[in-house]
Amino acid sequence: MKRHSLTIFVLSITAMFFVVTGCMDIVKTEEDIEKKTEPSTAEQTAQPKEEEAVAGKEDAAGTIKEEKVEEQSIKESPLSAQVEAKADAMKELTAMAEKEGKLAAVYFEFDSSTVRDDMKLALDNNIEWLKKRQDVKVELQGHADEKGTNEYNIALGERRAHSIKRYLADSGINEARISTISYGEERPADLGHTEEALAKNRRVEFVIIK
Amino acid sequence: MRELTKVMTLLNRYCLLIIISFIALFPHHGHTKVYIDINTPAGKKLPIAITDIKNIGGLSGQPAAVLTAQADLLRDVIMHDLEFSGLFNIIDKKAYIEDKNKRSDDIDFKDWRVIGAEALIKGVFIAEEDNLTVELKLYDTFQTKMLVGRRYIGKKGNIRVIAHKFANEAMEAMTGEKEIFNTKLLFVSNMSGNKEIYLADYDGYNLRQITRNNSINLSPRWSPDGKKILYTSYKDGQPYVYMLEIATGREIRLSNQPGINIGARWSPSGKEIALTLSRDGNPELYILELDGMKFRRLTNNWAIDVSPSWSPDGKRLVFVSDAGGNPHIYMIHSDGTGLARLTYEGKYNASPVLSPGGDKIAFARMNGGRFDIWVMNADGTGQVQLTADSGDNEDPSWSPDSRFIAFTSTRGGGAARIYIMRKNGENQKLITYDNAEKAGSAASPAWSPYLE
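Here the protein sequences line up with chains A and B, keeping their order. For the record, in the first sequence the residue sitting at position 190 is 1153 according to the working numbering, with numbers rising by one throughout. For the record, in the second sequence the residue sitting at position 301 is 302 according to the working numbering, with numbers rising by one throughout.
FYI, nobody ran anything at the bench for these hints, they're computed from the structure. Watch out, some of these pointers could steer you wrong.
DSS-like cross-link-like pairs, simulated, lysine-lysine; straight-line CA separation at most 30 angstroms [as the list claims (entries may be wrong)]:
| hint | chain 1 | residue 1 | chain 2 | residue 2 |
| --- | --- | --- | --- | --- |
| 1 | B | 94 | B | 55 |
| 2 | B | 157 | B | 34 |
| 3 | A | 1065 | A | 1163 |
| 4 | A | 1128 | B | 236 |
| 5 | B | 94 | B | 34 |
| 6 | B | 55 | B | 103 |
| 7 | A | 1083 | B | 94 |
| 8 | B | 157 | A | 1128 |
| 9 | B | 45 | B | 156 |
| 10 | A | 1163 | B | 55 |
| 11 | B | 146 | B | 94 |
| 12 | A | 1163 | B | 111 |
| 13 | B | 111 | B | 45 |
| 14 | A | 1100 | B | 236 |
| 15 | A | 1065 | B | 157 |
| 16 | A | 1163 | A | 1094 |
| 17 | B | 361 | B | 348 |
| 18 | B | 111 | B | 94 |
| 19 | B | 146 | B | 34 |
| 20 | B | 101 | B | 157 |
| 21 | B | 146 | B | 111 |
Produce the complete structure using the sequences and hints provided.
Dropping the structure here:
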């Protein structure tokens, strides 16, 4: 019985072989692989304009110039006590930041959105200024360093911005004057990869919007 | 002539009928011979010969060098595909003893068996103006028969597509499995100065720019049918999710809720999209039902919940949460029940993706300040490290056959690049893409599903 079925199997496989090879010679596949298999990629709008790039450069050069002047004026300030000096320096920085449209940035530990004690002076300075200038609105831009995923870092940057927003609100700044955005790791302040560079990128920036 | 066509059509039908009846009669013996078992990569490699693809169309007014280059490209792409699979030993051309002046279909299989080739690929082509006709065949040199025969009619610009298509057919005939040689990769590159989305063949060639908005574009993901992509972009100010149809360029802004809209991923059915929104104050996972555009909240905690990825049956999602103090991998049912933590090791676990087969999760883990790619079982057991001592390795993405993983690496100290490796970590290979040698990173690869 077993032998019988084996014979049938061998015979049929042999027959199958001829049929299949026979068919293959007849069947010639033709595939039209013209454009339709190649999706026309969606490429949107125009290239950046030349003039825009040039204008940007001029802007950047102007900003650098301003910073140099301010550094000199910091040196000229009388430095009495250490704490006072720090506060003075902070005020100068705030003045400078105001010209640039920014207040002092606040920095964070890795994977943390908790306000560091050593950042409270800068924060309080920003708050003092915001209280004087009730006409000004501020956007808190949250950032993260390059470690970890883009997605987690966008969430982390937002959490940092929210953490500062809460701090400002608790200090009496009207929440209606504060908006937030997170750029995650996408806009580093320092392009380096050292721990020092990464520390500069874990930050919230205060951008003045009118 | 018409008579002949009729007879051939009849014969074709007849053949098909016989084949079907054989399969019906002997269901267990209906399988074709499997030349290579893909599940034993350590097994013997199949020795194969690939001859030069012969130009049979004359010069047609073109420089001979152009035609030779086309022939070489066809052969090179097929050879590269077969090599990539790791299943073949491609016999060097120098060893071939067949008379090159013979007609392509006049084969003495002894010439090939004698040099050890168990399989043979031969081909001819005709190039006229912009048109290209290529005929490619795969033979079994021992059974002295053709296993695959294909004729492709296309344009000269389609050489890579044609070669990949044939490599697919040849591999399928020898392994009995669907192959990946015409799949593609989406990724993010800043080669233009901004992070834009790009598309390339799985081997890095055929590069195309998909977005050009000079903003920040992230997290490209394929629709299950390979026709649309999802991505996150800042082009309207805040990070919103967009859905783009690749062939037409038609796009809709899919999610612009207050706060962040990031990391969207299609469900296997294509009907739902998982993503992270912070509209309720905190980054939580949501599912967007495309039919009706309704959001359903999945997680509810104080933590960051990001990077959801679906199981192939659409019933579960893996994601990253820092609910345990630092980022770890969790699993949750798509109805919001059954939350389970899968990782406890490492300071930072990220970007988990379930394999298309559903049994494995690839993810990135930071140990000692560096990220590496790891793989574990879907229940969190059996964690294995796949990369080591090679910069930061992140963003794993599975090939549709679950046999390969694409990922981002900063090895070599330069900008991030995309690599591909086998699922066990072997054969880590840089996917270079043409015209991008100048500069720019390449990151966040998304491997396409099987494409038409």
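Could you tell me which of the hints above the structure violates, numbers in ascending order? 2, 7, 8, 9, 10, 12 and 15
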